[in-house]
Structures are given as structure tokens and as C-alpha cells.
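Colleague: Take the given structure of chain A and dock chain B to it, following the hints.
Chains as they are written, first to last, in the numbering used here: chain A, 1 to 456; chain B, 1 to 456.
Be aware that one or more of the hints could be misleading.
One copy or any two copies: either way a pair holds, since identical chains are not told apart in the list.
To be verified - Subject to a maximum C-alpha distance of 20 Å in a straight line, what follows is the list of computed SDA-like cross-link-like pairs (lysine to any residue):
{"no.": "1", "residue 1": "Lys292", "residue 2": "Gly378"}
{"no.": "2", "residue 1": "Lys190", "residue 2": "Glu168"}
{"no.": "3", "residue 1": "Lys45", "residue 2": "Tyr267"}
{"no.": "4", "residue 1": "Lys401", "residue 2": "Val411"}
{"no.": "5", "residue 1": "Lys292", "residue 2": "Tyr267"}
{"no.": "6", "residue 1": "Lys91", "residue 2": "Thr75"}
{"no.": "7", "residue 1": "Lys196", "residue 2": "Glu168"}
{"no.": "8", "residue 1": "Lys179", "residue 2": "Lys196"}
{"no.": "9", "residue 1": "Lys190", "residue 2": "Thr174"}
It is worth saying that the hints were derived from the structure and are not from the lab.
Number of protein chains: 2
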Amino acid sequence: MYLKELYENKEKLLNKKVIIHGWIRNHRPQKEFGFIDFSDGTCFKHIQIVYDNEIKNFNEISKLLVGSAIEVEGTLVESKGNQEVEISANKINVLGICPEDYPIQPKRHTKEFLRTNAYLRPRTNMFQAVFKIRSLAAQAIHRYFGDNGYIYVHTPIITASDCEGAGEMFQVTTLDLEKIKNSGKIDYTKDFFGKKAGLTVSGQLEGETYAMAFSKIYTFGPTFRAENSNTKTHMSEFWMIEPEIAFCDLNGLMDIEEDMLKYVINYCLENAKDELEFLDKFVEKGLIEKLKKVVNSKFSRVTHEEVITILKEAKCKWEFEPNYGEDIAKEHEKYITEYFNGPVFITNWPKDIKAFYMKQNSDGKTVAAVDLELPEVGELMGGSQREENYEKLIARMKELKMEPEDMYWYVNLRKYGTCVHSGFGLGFERLIMYLTGMENIRDVIPYYRTPGNCDF
Amino acid sequence: MYLKELYENKEKLLNKKVIIHGWIRNHRPQKEFGFIDFSDGTCFKHIQIVYDNEIKNFNEISKLLVGSAIEVEGTLVESKGNQEVEISANKINVLGICPEDYPIQPKRHTKEFLRTNAYLRPRTNMFQAVFKIRSLAAQAIHRYFGDNGYIYVHTPIITASDCEGAGEMFQVTTLDLEKIKNSGKIDYTKDFFGKKAGLTVSGQLEGETYAMAFSKIYTFGPTFRAENSNTKTHMSEFWMIEPEIAFCDLNGLMDIEEDMLKYVINYCLENAKDELEFLDKFVEKGLIEKLKKVVNSKFSRVTHEEVITILKEAKCKWEFEPNYGEDIAKEHEKYITEYFNGPVFITNWPKDIKAFYMKQNSDGKTVAAVDLELPEVGELMGGSQREENYEKLIARMKELKMEPEDMYWYVNLRKYGTCVHSGFGLGFERLIMYLTGMENIRDVIPYYRTPGNCDF
Chain A
1 MYLKELYENK EKLLNKKVII HGWIRNHRPQ KEFGFIDFSD GTCFKHIQIV
51 YDNEIKNFNE ISKLLVGSAI EVEGTLVESK GNQEVEISAN KINVLGICPE
101 DYPIQPKRHT KEFLRTNAYL RPRTNMFQAV FKIRSLAAQA IHRYFGDNGY
151 IYVHTPIITA SDCEGAGEMF QVTTLDLEKI KNSGKIDYTK DFFGKKAGLT
201 VSGQLEGETY AMAFSKIYTF GPTFRAENSN TKTHMSEFWM IEPEIAFCDL
251 NGLMDIEEDM LKYVINYCLE NAKDELEFLD KFVEKGLIEK LKKVVNSKFS
301 RVTHEEVITI LKEAKCKWEF EPNYGEDIAK EHEKYITEYF NGPVFITNWP
351 KDIKAFYMKQ NSDGKTVAAV DLELPEVGEL MGGSQREENY EKLIARMKEL
401 KMEPEDMYWY VNLRKYGTCV HSGFGLGFER LIMYLTGMEN IRDVIPYYRT
451 PGNCDF
Chain B
1 MYLKELYENK EKLLNKKVII HGWIRNHRPQ KEFGFIDFSD GTCFKHIQIV
51 YDNEIKNFNE ISKLLVGSAI EVEGTLVESK GNQEVEISAN KINVLGICPE
101 DYPIQPKRHT KEFLRTNAYL RPRTNMFQAV FKIRSLAAQA IHRYFGDNGY
151 IYVHTPIITA SDCEGAGEMF QVTTLDLEKI KNSGKIDYTK DFFGKKAGLT
201 VSGQLEGETY AMAFSKIYTF GPTFRAENSN TKTHMSEFWM IEPEIAFCDL
251 NGLMDIEEDM LKYVINYCLE NAKDELEFLD KFVEKGLIEK LKKVVNSKFS
301 RVTHEEVITI LKEAKCKWEF EPNYGEDIAK EHEKYITEYF NGPVFITNWP
351 KDIKAFYMKQ NSDGKTVAAV DLELPEVGEL MGGSQREENY EKLIARMKEL
401 KMEPEDMYWY VNLRKYGTCV HSGFGLGFER LIMYLTGMEN IRDVIPYYRT
451 PGNCDF
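For reference, chain A alone in the conformation it holds in the complex (with noise of 0.2 Å):
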């Protein structure tokens, strides 16, 4: 029996036998007696085992180190002292061993040491907490999309079409780099696929694809950056989600975004209470509240020229100096949130800084983006109502010496029973780091890749 099933039948199973099967996290053997802080993972509580010199090989059970895998047959009983249970063991048979140079101890690592044994740190409680809300998460995203009718598309991760981020693609290859003869020109008539291929930097234009056949779709998969940056908040691995909605406006899509970031919170507060009690009290005070405060707050809505215009008459000495046709910085997006004192949705954002696709007003200076600023973290998700007229999206992409026949699929869409559409981007780790209080990127995901680190 795994410990979550005990825990969900303890009134049925108490005074009854139990098995189970886990690992010491603690260990504090007496004279005749013993105490085993003991947990499988399956759920973020752990349970006591006493055991006393009646079992068996009572001397090889207390000399276990922290880390040993057993197997415990005894009685479930009430603790002494308090509401819980804790098992009375009848038998205790050690699975495997754990060495005293076992890494994880139980007492405070930091997070940096964790990092470079990132295939142990899940034994930990913080990690346990962080990668269980991790795949809660994805599952309240998966049954948000299931549930509202959209269909999951698996758009291609290597692909030969480097028009967004070029020059940040990874290169994907299976020519033998040693024998390149750099005569001139590289022949990818050889290589794999017969051209030049990389990772994507986004499934949003094949998804668009789908979106015109489905109306509704979503994406869920891994999105590569390969940026030499080094900051918390980038890795050159992480997953994205991208839905894409056909007859949809920017509204409308703004509706959906709150929607489902409302939906994966209140998700994540009710299957991982205790994990994010314990993130509450030792990694970000406060978590909980804040968690609560987004789900009930109703996100306002304002233009890039509004928050400029609050930005130039704010009583503030700004590093960087907002300006009508410019970027926010991260001291805006704070402010910004702090005036509206919750999440808002920023739209309509001057062309220039944003992408080709994204659906031209009538104004000719500004695009039907909408960016999501959340308090503390600043943006979350960026989306846009896209150009669905073919001769507007031609003449962006020539203005950006961008080749249209290179797309052709794409701008194809907008030939063949074109429409109102719109979609988003939100990276997965964002907003996991938001969900768990995490301010390092690389702990919310098993395996982080930087600039330098590929380990595992």
C-alpha cells in the first residue's frame, strides 16, 4: 500500500494491519526501542514507525542511516498525544541500504547544493512540495483546455523554419562535425533532414494551423532559447503552453487567460494543501494569501498608452524613463500592479517591439497585444489578437525583411477562409516559480540547461 491510500482510508484502517513500503527521512533509534520518520513520497505527509526489540533483527533495524528503503508490516494506531496515526511495526525488512555519505540529510542544504545533485533533491521536503504542485499544474492546465473542448496539438520540436528567434535556434544535426571540410559552404543536402533544422522557439504558428481546423487548441511542450544568459529567470529548456482560439478578439482572449489562471490556482490550493502550507511558512511568506488574492480579484485592463501616461505621473525616480512608443521595465511593471493593486492585462502595445503576426489597429502605431503583469513577478503570459488579413501580414513581414514564401503555410491562412483569431504564450516555469515562491528557475524544473550546464 503506498502512503497517500493509508492516509485517504486512516478511519477504516486503524487497529487494522498495514504494508508499506518507503524510506527512512528520519531515523532516531533508543536502547529498546526506535522511531522512524518515514515517507514514500505519494503524499507530502509523512508517518511515524515505532518499533521496539520485539522485532526480529531489532539490531540491523536501528543501525539504518537516513536514506535505507524498507518495508514495514504493523498495526495503524493513533498517536500518542495528537490527532494523527503512526504504524506499531510487527516486522521491518530493509530493502537497500543507505551509506553515511548519503547526500541528503535531514537538516537545512542550500539550494545551490541541491542544484548539483539535482537527481536526489525530489527526496527532499521543499522539492517534494515544488515538483508535486510542478505536476499538479500541468495536470489542472490539461483538464482546463480537456474540459472547455480545445484540442491538445504536439507541434514539431525540430524544425527547419527559423523565422521567430533566429539566430537563437539551437542547431539539431547528425553531420559527423569532425569531418566537416570547411571548403566553403556546408552541404545540408547531407544532413539529416536534408536542410539546415533546430529546436523550436515556439509551437504558435503550427498551432495557429490547427486553431483554423479546431477553433480551439492548445500546446503543451518544450520551447528551446539558445540566449547565453544567466539569469534567474531563463533556461535555455522549459515548456510552454500556447492556445490558440479562432473567433476570438483580444477580449475574448483576455476572458480565457483569467479564466484559466484563476482555474490553475484554485486547483493547485485545494490537492496540495499541505505542500503549499509548508512553501508558506519556508520559502515565501504570505504564498497562500497571495494565491487566494489573485483568484479573487478581477484583473483590470488598461492600454500601453494609459500605463504610460500613470507611469509619467507617478511621484517616482525611475531608473529608466517611460516613454509612449517603448518597453516598460521591470520598475514599471511593479509600480503598475501596485496602482492597480492586483494582475493586469496591458494592450495594445506599440508595433515596433512586438511580433510581425500580432493584429495591426487602425491607429497604425499600435498591435492588439495584451501582456499579464502579476504583483511581484511582472509578466506571465503575452498574447495577441493576429493579423488575419493577408495583404496587412505581407506587407509587416516585407517591412521586417521577412520572406513570405518561406511561410508560405502560414500566410496561407489568411487566403484560405480567414477569421478573427487569438492566442497566448505562457511559460510553464513562470509559472511554477509564481505558484511555489521559487525564485530560481532552475528549481522548479528537474533538469535545468544553461548556458554551460547540461548535467543529468
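Modeller: Okay, now just chain B, sitting in the frame of chain A:
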């Protein structure tokens, strides 16, 4: 409103005004009225739009070609002559026209033609059915594992460990190939990760590290094989599900495989009735019967040795002679599932044809591996109990000329509280082929990657 909601509420909406958006799948304009076969992709069923010359843009509408996007305002009415509903239009707005050269016409297209138009094929009935089922099957898998307490783990895509599938890995690099001067060896300290990196062929080994912390985990992500094979069942990029369960032996693993597969099939039978009926009619006659039979059957369990004995005793002329200690061929798989009249788990395979991490049986010759063979399609899942004994694992790796130090994090799992554990791999596209009856793996993934193909 989307068509799915309309159908879900059709009793309530009867004789009421409705507004829907979608695409013309077929059009029969008459002199004074017209019929539009309309779909928005949110459900498999289309709806008929009836309009007459009372609508003000009658001339414009009657000229609309297949593929055009429209907005329809009208009354939901009972259709004459059958139980269904249709929409009597008051107003039709053109959202996006579609020209005559639109490749997707209401006729039968070959699958080869549709592959070259992969960005448009989800607009056909066949691919609406296939990709709806793909999405549902993914949902079912997440629900099955989520509801059963498994943690969803995102194992890394880019990896520097090439112990499995070496030589079949894609290389990932940011080195400028044009500038490589091969005066000797490539200096990988200058590459993005400071060492040679590639695309993962499996998330299992990393998955095991999480199973040793959470007991029950699964992965669901893309995997890659740079194999130069052009068959109907191989691709270079495909999605895999790899569950890993601590304190679970080979028998327990088979229970889980059988339970999960039945759950996924049932989920599709319940949620994709229309799609499966279509596929049963036009793609694989008897598809629904086949799926129902699997759900209602008890899977057989037989050892590899028993299988060879059965094959040797069979009155068949084999192309490949069955032999103890060797792999079995397609013709053998077929015979065995017919022999047992249903799905068969074949266990205890010769160790020399299986992977290093599989648990060595006490006979010294076999490992605790299991392949699930399904009637007609052959192997669908492959799994094993893992070698949990440190010394035995190291010995086997050395026999195979592998360096245990390169995988210290994997072998250490056997040092730090080892335990019996098992896992299996399920190729997602193989499952979708089975669920839809599609015979070419290129037709069950949105954009396929095979040697020489990396389009869209």
C-alpha cells in the same frame, strides 16, 4: 457560440436565435436558396445552414466557395425528414473568402496528397477524427496517471548522456559549422553547454530518479531517433509515455499496463463516438469491435521460452525460424496473439537482446522484461523490472563496455535506498495508430519528421 455547445444544448436552443462562426465544408447554392454544410471543428458533426434570397447579401453568399469562413445568425430548427437540427439563416457575414484553388475540396484526397498539405489536412473529416482522438488519448493518459497519484515529470530533452542509443542521436549545437576548422578535434568547451549534447532518446533513466522520490511517476514528452529508416512505423521525432513505479515488480507492472490501456481505450470509446464510427466506416472496418474486444479481454501472460516452444510446435512455414535466446519476428508476434486470441504479455526475455538496466533473473540467461503484443499491430509497450542490485548493474554495464562513472547519478540510485521498481514505455503514435486504424505513422502526428522531411 461554438458548434459543440450548440449540439450539447440543442433541446434548449430549438427555435431560438443562435450565432455561430465556422467554415463552409460544402455548398449547394440554388437559384433562390442554398444549403451550406458548416463546421467549426469543435465537434465531429457538421450542421446544415439553410438560407434563401431574403438575406440581404444573397448574391455574395451564394457565390461562396468551400473553405470560406462565415458568421451565421439564424434560428435552430428541426431538420425536415430526420431527427437532426439545422439553422435557418437570417444573416450571413463573410469573414474570409476562399479561392477556387483551395486544396481541400469535398472529395476524397489521397493521404499522400494531404501529407504535402499537412497544414490543411486537419480540415478534412478523416484528420478531424484522427487528431481529436490523439487529443483525447493524451487527456486520458494524463487523467489516468493523475487520478492514480502519479507525478508527471518533465525529463530533459537536451542531454549530454548518450549511453542509450548512441549513434542514433541528433546532435544539438550552437557552434558555427561554417567556421569549424578541422585541424584536429572539435573543442566542445566552446559549445553552448560546454560539452557535446544531443536530443534524448528516452526519459526513463531520469524518470527513475524521480520514482525513487515519489514512488509513482510518469513522463509524457518528445523523444528522438536519428535512425535512417523510412518505414510506416518509424519517425525521427515522436512522443513517449514512460511510467516508473517503485515497490512494483513485473507482475504489478503488467497489471498497470493492462489497466491503463483499457482506461484509455474506454475514454476514447466514450468521448469519440462519432469519430470512431467514421474511422470504422472509412479507415478500418471493425475498428470499434476490435477496441471493445481488447477492453473486455483478459491479457495473457506467457514467458519468451513458452512462446518459442509454441512457435516451434506450430504447423507453420516460418520465414524466420524461432529460436530460444533470440528475438521474435513480426510473423511470430502475429501468430502468438492469434494463438491466445487477444493481447499477450511476453515476459522473461533473453538478456542479450535487452537493455542493460533490466533485472537479471536467477537463471543467468533472462531478464525480467515484458513486451505487450496486440493482435494485428504487434508490440505496443515494452517494460521491465529494473536491476536494483548495485553490483549486478555495474557488472552488466562493464560487460557491455559502458562506463558506470558516466552515469553515476543512475547507478547511485542502487546505493542510496534501492528497491524493486519497474517501468514501461509506450510510443504515443503507435497507440494512436491502434486507436484510429491509420496505417502510416506520418498520419497520426501533426507534422512528421523523417529522413529528408522537416516541413512546416
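Colleague: Okay, which hints does this one fail, numbers in order?
Modeller: none
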